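Trainee: When you get a sec, could you build the whole thing from the sequences and use the hints?
In order, the protein sequences belong to chains A and B.
The first sequence: position 115 = 115 (our numbering), numbered continuously.
The second sequence: position 358 = 358 (our numbering), numbered continuously.
Simulated from the structure, these hints should not be mistaken for lab results.
Heads up, a few of these hints could be off.
Stated by the list, open to error - With a Cα cut of at most 27 Å, we get these calculated DSSO-like pairs of lysine-lysine: (1) A:Lys16 with A:Lys55; (2) B:Lys16 with A:Lys220; (3) A:Lys16 with A:Lys66; (4) B:Lys237 with B:Lys220; (5) B:Lys16 with A:Lys238; (6) A:Lys237 with B:Lys16.
Stated by the list, open to error - Reference listing, derived: stretches of chain A covered by chain B, where coverage requires no fewer than 3 residues with Cβ under 8 Å from a Cβ of chain B: (7) 145-155; (8) 205-219; (9) 295-307; (10) 330-337; (11) 342-352.
Unchecked claim - Every beta carbon over 12 Å from chain A, so not counted as near; a handful from chain B, in silico: (12) Glu9; (13) Gln33; (14) Asn232; (15) Lys237; (16) Lys392; (17) Ile414; (18) Arg464.
Here the structure is a predicted model, which means the values were calculated and not measured.
Quick reminder that beta carbons are idealized off the backbone N, C-alpha and C, glycines included.
Below are the chains, spelled out letter by letter.
Protein chains: 2
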Amino acid sequence: MVQNQAKYEKVINYIKENILKGDWPIGSKIPSQRKLAELFGVNRSTIVTALEELKADGLLEGVMGKGTIVVNNTWTLLATSPPPDWNETASSNLTKATQLGSVEGSEEHQDHFIQLSKGELAQDIFPTDHMQQVMMRLAGSLEPFGYEEPKGFLPLREAISEYMNRQGTEVSPSSILIVSGALQGLQLISAGLLYRGSTILLEKPSYLYSLQVFQSAGMKLLGLPMDDQGMNAAAIKKHYENEQSILYTIPCFHNPTGILMTEERRRELLNVCEQLRLPIIEDDIYRELWIDGPPPPSLKSLDQHGHVLYLGSLSKTLSPGLRIGWIAGPEQVIDRLADIKRQTDYGSSSLSQRVAAEWISSGLYENHLSFVREQLEKRRTKAMQILDDYMKDLAEWNVPAGGFLIWLKLKVKIPYKELYSKAYQQGILLNPGSIYTEESVPAIRLSYGYASMEDFEKGIKQLREIILKNR
Amino acid sequence: MVQNQAKYEKVINYIKENILKGDWPIGSKIPSQRKLAELFGVNRSTIVTALEELKADGLLEGVMGKGTIVVNNTWTLLATSPPPDWNETASSNLTKATQLGSVEGSEEHQDHFIQLSKGELAQDIFPTDHMQQVMMRLAGSLEPFGYEEPKGFLPLREAISEYMNRQGTEVSPSSILIVSGALQGLQLISAGLLYRGSTILLEKPSYLYSLQVFQSAGMKLLGLPMDDQGMNAAAIKKHYENEQSILYTIPCFHNPTGILMTEERRRELLNVCEQLRLPIIEDDIYRELWIDGPPPPSLKSLDQHGHVLYLGSLSKTLSPGLRIGWIAGPEQVIDRLADIKRQTDYGSSSLSQRVAAEWISSGLYENHLSFVREQLEKRRTKAMQILDDYMKDLAEWNVPAGGFLIWLKLKVKIPYKELYSKAYQQGILLNPGSIYTEESVPAIRLSYGYASMEDFEKGIKQLREIILKNR
Ligand SMILES: Cc1ncc(COP(=O)(O)O)c(C=O)c1O
Ligand SMILES: Cc1ncc(COP(=O)(O)O)c(C=O)c1O
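Mentor: Structure follows, in structure tokens:
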């Protein structure tokens, strides 16, 4: 009896604490009586008595056919209703993405999964030693840091300016805005420059489809076909709608297809956009990951009239954890975006900015890039061999000239949802092609940049078996 | 004059539209000044002024012997028209703030100014040595870092959870979201939980008025009166409008007035909000800067029903450059906000998060806080003496019980715009009270946290002279 009393109180306290701390918010269903009984190793009757007391206290309520609910409201209510200004597509996408747990940046942190799609470089490519050196150097010459200049730490902007000039894209430090990754860059452009209802022309498939940034701001995505030269520039004219349109493109080692836009296509694209006065966002964050040879000039470097806003980032080459990217464009535009950035988060981390400045200005960054390219070349060779071994009869793919992405187009008909959930059950994480198009598409985005090649082989082999069993 | 203004704007819009539509392509000559003057029935001087503005914006250029030429378009045009989804108030505020160059976070980076209002701690309070140590330690045990978990680096959330528990506010690590400063926290709440058209009840004056986050999202700010106990809780009922309202408060060392909300008032406030089911944002980033004694319990710790979303930050105590803050609240709400955060920038800097975790979990942070309090006490004593010496006949103020802000209410009538611009010309930066209320108000926000006390005295002395000369 005393023991029962103690347990009974334990149950009460457990529930109260969860509600008090807000861990079980108002409106949420508490665990079933059976589960609670198991958890505490007591009879269900003990649980029933405890719940009755909490109901009497006004903390819980029994709801017909729903179980026992925490009663009260405010924030939790707000959080459980659909997001206020996000349209249907966006929020259902969010749910989709979250459920799959495998979209850009939301990748599982369960280390036991084989990550066949993960959009970042493997841990063994991360330059731990040099990062240590850079941090030591920085610590040695540390000065107090406060809120940064709106456009970002000047030495970093200078370093990026020089680095881009070496790459052939001339940009002055005052035409550069430091952002917390290219994604934030897109976010700022969306908030500060685009209109609700704008149309965004882009490659189909595209990374952008996996984001809510634009859809949630009420913008329409209009996908244009691609061939092995890149986005079909001629199609732009056909689809171009109005003055509030812009164009978004990933010309280098496109996400998710890996395609590299040729120089000819770049010139054609720029030409068409100039005629239509269609502003361009050039997302060039994969540029440095070339394997077969340096990519053609950036659109920005070919652009004579301030048509192009350029996005760069250290995420795919050095580390996504730094959260350092940049926007380069006409100075007035950069000034406007800097204002928005300041109103958004007062600027990016001083530490990250200083570390990035040191990496780039010391030349360590460019050395590291050579190493990354070597690694990617080895990985690509191996990955192609593995696909040849296991996928030749089941799928088609291109050999990417750089980056780490492969767009695996399946030749067999299978129920895709089942494919992904089966793979998940077997510990394999895949990004379904549909994430990048908003429609069901018989393709999978693969990455040879992250998993070990042993895991990659294991995963592809298992994938083959799942496909064979389900077709 | 008003008519002229209207015509002038017509000219500007006419030219912009022609460029936007591509009717006047880049490199083309625009109509002569005479023709434009005829077209609009205005003096040539009006046309000249309009063209000058467009030249300053980078849209036009005078070319010797050629007349005026269109030089830019697309992005620049987007950037020079009013921001798309920002309402009038917000954008005119932005301009105001930018012109003054002295709003939160936009403070001048000109070191020769005397910063009488700057909202951060002085450089000599920055713990350079310990920051070096922390960075060395981190470098010594560095592991590769990629995209972080959506809610933020777990050891940091654990450290914050323990730290808040020691402060008397119980929060579990899963109920904490790491953000890039409290400002981003507000941004995420606005984007993810609030509705366009929501009403935000808040203190008047308030830091929030200086931000565009909420106004630009179409929300209405409704200022409530304050007394020396804090926000007038009884006034809430009178002003409360609808279910989509929320309340924002800075109970500890309020920005800009420095007022500390009493425990009694906190309970009353919470009571009223519970009755109205009015969710609360508690911006508690100044809590640790107490001088006379620890502040009363946080609203969050008194809250039994998940009514309170709590904001913390390292900006005012350790360093704004880290860009580390946090939101604590019901887990479901935190999950939702984490989703938005992921879609905004994929999480905060891994470096900053690791540095922050080391500061807090090692106890260095709490040691540093004692040092900061000592410094602030000394500075407050000196600042009070200086104000007594120079301002007694001209202004009124409270002795703040913590923080570093003083709300200096002037007793004399003077033209305020002139006051600020004269001060600026003399190298003194001030935050006018109007930034915090959206109306002209005879007050200045002072800070004794940043300038050296010699500069503070010099600045106040000069301020006195400016006031005397201009009243
Ligand atoms: C094409 C593209 N742009 C932008 C991003 C975002 O990168 P960041 O980490 O710089 O925000 C990604 C990340 O996957 C990407 O693939
Ligand atoms: C009341 C208040 N909240 C939030 C902030 C923003 O702080 P953070 O640097 O953490 O974004 C400030 C900065 O001045 C502030 O005064």
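Trainee: Any of the earlier hints contradicted here, and which numbers?
Mentor: Failing hints: none at all.
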